[in-house]
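Residues per chain are reported as follows:
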Amino acid sequence: DVKVTQSSRYLVKRTGEKVFLECVQDMDHENMFWYRQDPGLGLRLIYFSYDVKMKEKGDIPEGYSVSREKKERFSLILESASTNQTSMYLCASSPLAGGVYEQYFGPGTRLTVT
Amino acid sequence: AQSVTQLDSHVSVSEGTPVLLRCNYSSSYSPSLFWYVQHPNKGLQLLLKYTSAATLVKGINGFEAEFKKSETSFHLTKPSAHMSDAAEYFCVVSGPNTGFQKLVFGTGTRLLVSP
Numbered sequence: 076d077v078k079v080t081q082s083s084r085y086l087v088k089r090t091g092e093k094v095f096l097e098c099v100q101d102m103d104h105e106n107m108f109w110y111r112q113d114p115g116l117g118l119r120l121i122y123f124s125y126d127v128k129m130k131e132k133g134d135i136p137e138g139y140s141v142s143r144e145k146k147e148r149f150s151l152i153l154e155s156a157s158t159n160q161t162s163m164y165l166c167a168s169s170p171l172a173g174g175v176y177e178q179y180f181g182p183g184t185r186l187t188v189t
Numbered sequence: 009a010q011s012v013t014q015l016d017s018h019v020s021v022s023e024g025t026p027v028l029l030r031c032n033y034s035s036s037y038s039p040s041l042f043w044y045v046q047h048p049n050k051g052l053q054l055l056l057k058y059t060s061a062a063t064l065v066k067g068i069n070g071f072e073a074e075f076k077k078s079e080t081s082f083h084l085t086k087p088s089a090h091m092s093d094a095a096e097y098f099c100v101v102s103g104p105n106t107g108f109q110k111l112v113f114g115t116g117t118r119l120l121v122s123p
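Heads up: the protein sequence lines correspond to chains B and W, in order. Going left to right, the first sequence walks through residues 76 to 189 as this note's numbering numbers them. Going left to right, the second sequence walks through residues 9 to 123 as this note's numbering numbers them.
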């Protein structure tokens with residue numbers, strides 16, 4: 076079974092702090108993704124990566140950055156956390172496209188910024 | 009741009025009755041379509057996917073969906089609801105416009121199942 080793990084289930088941070096969310100997958104997938112999930116808005120793509128050190132902006136990248144130094148690990152960074160970044164963050168991975176592949180999701184990190 | 013619209017934010021059914029969760033899509037090309045389920049405090053799990061093969065797609069836990077190009081719909085159904093089906097369901101599209109790697113999610117439908 077594909078396993079995608081996220082470093083924390085719940086996180087509370089103060090405004091202005093630098094926040095790191097970590098995601099690890101164990102299936103040697105090329106693609107990794109970060110989403111945020113908000114009630115009534117579904118999931119929105121923040122960033123994705125199709126290879127080590129490669130990244131592309133998603134639909135809502137402002138206020139976020141990412142890092143992918145190893146194939147299995149994809150980090151989301153909030154450079155200076157703000158209250159409007161309080162949300163559920165979901166990481167996902169998928170094999171390289173060559174067909175249509177579903178994405179495999181981690182359990183999520185619920186981040187509260189106070 | 010490709011998009012999906014989930015027509016109901018909440019659906020309530022009684023245990024043992026049929027389930028219908030509605031989804032319409034918008035796409036210039038033949039899309040790939042998915043349904044995902046999210047149980048409380050859990051990650052998303054794939055229920056089923058359509059990739060231009062059979063138009064009636066069977067998924068896990070007795071769910072199925074039918075791709076109807078003429079109606080641009082991909083509704084999710086189940087003949088008999090179970091209490092464990094209570095969750096949030098997302099209709100998702102991908103395809104040439106989004107890049108196949110990228111998924112575009114609907115806003116979700118919360119399914120409530122009463123005894």
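If you are wondering where the hints come from, they were derived from the structure by calculation, not from laboratory data. There may be inaccurate statements among the hints.
Lysine to aspartate or glutamate pairs mimicking EDC-like chemistry, simulated, CA-CA at most 20 Å apart [what the hints assert, rightly or not]:
#1 W:Lys50 to B:Asp101
#2 W:Lys50 to B:Glu97
#3 B:Lys88 to B:Asp126
Derived coverage of chain B by chain W (criterion: at least 3 residues anywhere in the stretch with Cβ under 8 Å from a Cβ of chain W; other residues may be distant) [claimed, not checked]:
#4 112–124
#5 180–189
The following label-pair restraints were derived from C-beta to C-beta distances [claimed, not checked]:
#6 B:Arg84 to W:Lys77: 36 to 44 Å
#7 W:Leu28 to B:Glu105: 35 to 43 Å
#8 B:Glu97 to W:Lys50: 12 to 20 Å
In this text the structure is predicted, and so the values were computed from the model without any measurement. Every residue, glycine too, gets a C-beta built ideally from N, C-alpha and C.
Hint-by-hint comparison with the structure:
1. W:Lys50 to B:Asp101: The given pair, whose Cα atoms are some 19 Å apart, holds under the 20 Å limit.
2. W:Lys50 to B:Glu97: Measuring from Cα to Cα gives roughly 17 Å; hence the hint holds.
3. B:Lys88 to B:Asp126: Answer violated: Lys88 (chain B) to Asp126 (chain B) is near 30 Å, above 20 Å.
4. 112–124: Satisfied; 7 residues make the cut.
5. 180–189: holds (count 4)
6. B:Arg84 to W:Lys77: 36 to 44 Å: For Lys77 (chain W) against Arg84 (chain B), whose Cβ atoms are near 41 Å apart, the range 36 to 44 Å holds.
7. W:Leu28 to B:Glu105: 35 to 43 Å: 37 Å, holds
8. B:Glu97 to W:Lys50: 12 to 20 Å: 19 Å, holds
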